[in-house]
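Number of protein chains: 2
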Amino acid sequence: MTPPSDLAYVPFISVENMMRLVHSIGIETVLRELAEAIEHDFTRWPMFDKTPRLGSHSDVGVIELMPTSDGDLYGFKYVNGHPSNTKQGLQTVTAFGLLAQVSSGYPVLLTEMTVLTALRTAATSAMAARHLAPKGAKTMAVIGNGAQSEFQSLAFKAVLGIEQVRLYDIDPAATAKCARNLAGSGLKVTSCSSSQEAMEGAQIVTTCTADKQYATILTDNMIGDGIHINAIGGDCPGKTELHKDILLRSDIFVEYPPQTRIEGEIQQLPEDYPVTELWQVITGQAEGRTSASQITLFDGVGFAIEDFSALKYVHQRALNTGHVQQLDMIADPDDPRDLFGMLSRAGEPG
Amino acid sequence: MTPPSDLAYVPFISVENMMRLVHSIGIETVLRELAEAIEHDFTRWPMFDKTPRLGSHSDVGVIELMPTSDGDLYGFKYVNGHPSNTKQGLQTVTAFGLLAQVSSGYPVLLTEMTVLTALRTAATSAMAARHLAPKGAKTMAVIGNGAQSEFQSLAFKAVLGIEQVRLYDIDPAATAKCARNLAGSGLKVTSCSSSQEAMEGAQIVTTCTADKQYATILTDNMIGDGIHINAIGGDCPGKTELHKDILLRSDIFVEYPPQTRIEGEIQQLPEDYPVTELWQVITGQAEGRTSASQITLFDGVGFAIEDFSALKYVHQRALNTGHVQQLDMIADPDDPRDLFGMLSRAGEPG
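Sequences listed follow chains A and B, in order.
Quick note on numbering: full-length UniProt numbering labels position 131 of the first sequence as 131, and the sequence is numbered without any gaps.
Quick note on numbering: full-length UniProt numbering labels position 109 of the second sequence as 109, and the sequence is numbered without any gaps.
No lab work stands behind these hints: they were computed from the structure.
Hints should not be assumed to be uniformly reliable.
[To be verified] Below, a list of computed lysine to aspartate or glutamate pairs in the EDC-like style, where the Cα atoms sit at most 16 angstroms apart:
| no. | chain 1 | residue 1 | chain 2 | residue 2 |
| --- | --- | --- | --- | --- |
| 1 | B | K87 | A | D251 |
| 2 | A | K87 | B | D335 |
| 3 | A | K87 | B | D338 |
Take the sequences, apply the hints, and build the full model.
Right, dumping it as structure tokens:
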């Protein structure tokens, strides 16, 4: 059998190589650079093909495809969300993604995205907070201390200069895990025994819980003036974290309204309730925070463009490193019309 | 660094391994078994999640995602269509696909699908013809002798008992290539210098041309009574192969009407023009061929369920063979909530 040509290979980044790549750059540097890459793509938002993600829902979870394109590159992410997976020792969310050339349709990168999604979600939150949080915020409450909590904490440190995180989870073991992982990060970490306690002195609150149901992680009385709320959990229909009264007191910022109205906190509000698109704040077409007393809410659900930015960033950063394998994933016959000939010759004794 | 656990691995079939697998089984056996697998899934058609493919169109081509699920397994295919690729020595169509467990969202197979799509397209055509072509058909005209032509010829031999193919292409080199590839197949192969000549004595005509434009490969006068037309080329909006008058004389059978009305030959007809769904013929809910003089047309565009059947078939056939590699594509921390801990530990000197 003739070995495949160079065109047949797709660069692949495994989980192990993704972790090596992140450490070779440094986690905080990656978070900072990802926030920049995502912000840059938000400034050219109108250039992208945008569509709500394509979900396949079952009783126990959802499998989603999230494609987008800027006309030059095309990217998509496969991601599942299965809250009950943890009971069987599996991840709630796993993901992989692909980047391809629009001009030929040929893939240029296949990569794990479980680790990468955790990084890009945190980077997006911190980038949004840079535009929305009160100036000089140093303390963040983190409600929900699962898989995303440390990434959020580090991203807010790296991008925003947060110095202290105050942790709370209904499961104290989750809080202990988060505190342990953040030891040595340079953040002051305080473990709290209630959401109320976690909120003390915080200018920012991040909610990242994962149950697939309507929940009220924050109630109205807990949110004082001037707070920035980074609501990250709640990314499917029927799942929210905030009491509706909080939404009514907040100025609400979203990624892509058609998707957020289905999946975000604002599914509790009328369909025409006014929200601001984050990209318009970034480009100066809309106002972000305008006063110290204003409550700002980033109703983040995760959008395909953020994955696109992450794929493109990793593609640039990983090429010419040892962290890439070559996968023989694209058939490449000598004569493109002769796929059958390639198959036939593969059967000949060589 | 601790090696990834078994849960982290996704079985992967490369192009080379797909070709090895096909030869270890035998191409005609694969085509027969694929036709059976696809027919079986067509009998349980109502069980599947169905949606028109999600396409990202550009001036030069299209990149598509084609997902479906039967509630137990979820599958999707990534496929591009770039007719101008051949000029740069690239494939017009390349594809890969993934099968995952609905209950957990975890992938169970990643595989090349360029070769596999060629096989499933031919198997679907032959399966449809088994229900629609005149009894005892022995001769097939093949108009368009590109990458799909040999697969169609062999599938009709394996599934339907076709003994002779009559080839025509506007490019004689394509016909010569197809004839060369089919030498030794057991088929009688006749190279023709016009479509008219190719049609002589044929009970079935397969059209598989690939230009992205309205074309008229077959005109009305070429189609006599009793013919079965297997129209495979023309799988995007704006691309058709048959003159409208042929459609008006035929009974038309399709895979999934909402997709075929956009992409198939019937985009030339009013939106409510009656067509029959192939799965209903297979289950006996609708009639297929009812007379020897009837003209039947399978307006095949390729549907996600056929890819699902092919993915499932290959998954069953390839496991426990040497034709599978293990890809470290899914992050699998010891504690599913501790993705960050897994990443951190990967950075420690080991």
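*Does K87 (chain A) pair with D338 (chain B) here, judged by a C-alpha cut-off of 16 angstroms?*
With Cα atoms ~14 angstroms apart, K87 (chain A) and D338 (chain B) stay inside 16 angstroms; holds.
*Quick one, are K87 (chain B) and D251 (chain A) close enough, alpha carbons at most 16 angstroms?*
53 angstroms, violated
*Sort out whether D335 (chain B) lies within 16 angstroms of K87 (chain A), counting only the CA atoms.*
10 angstroms, holds
In the structure shown, a violation is registered for the earlier hint numbered 1 alone.
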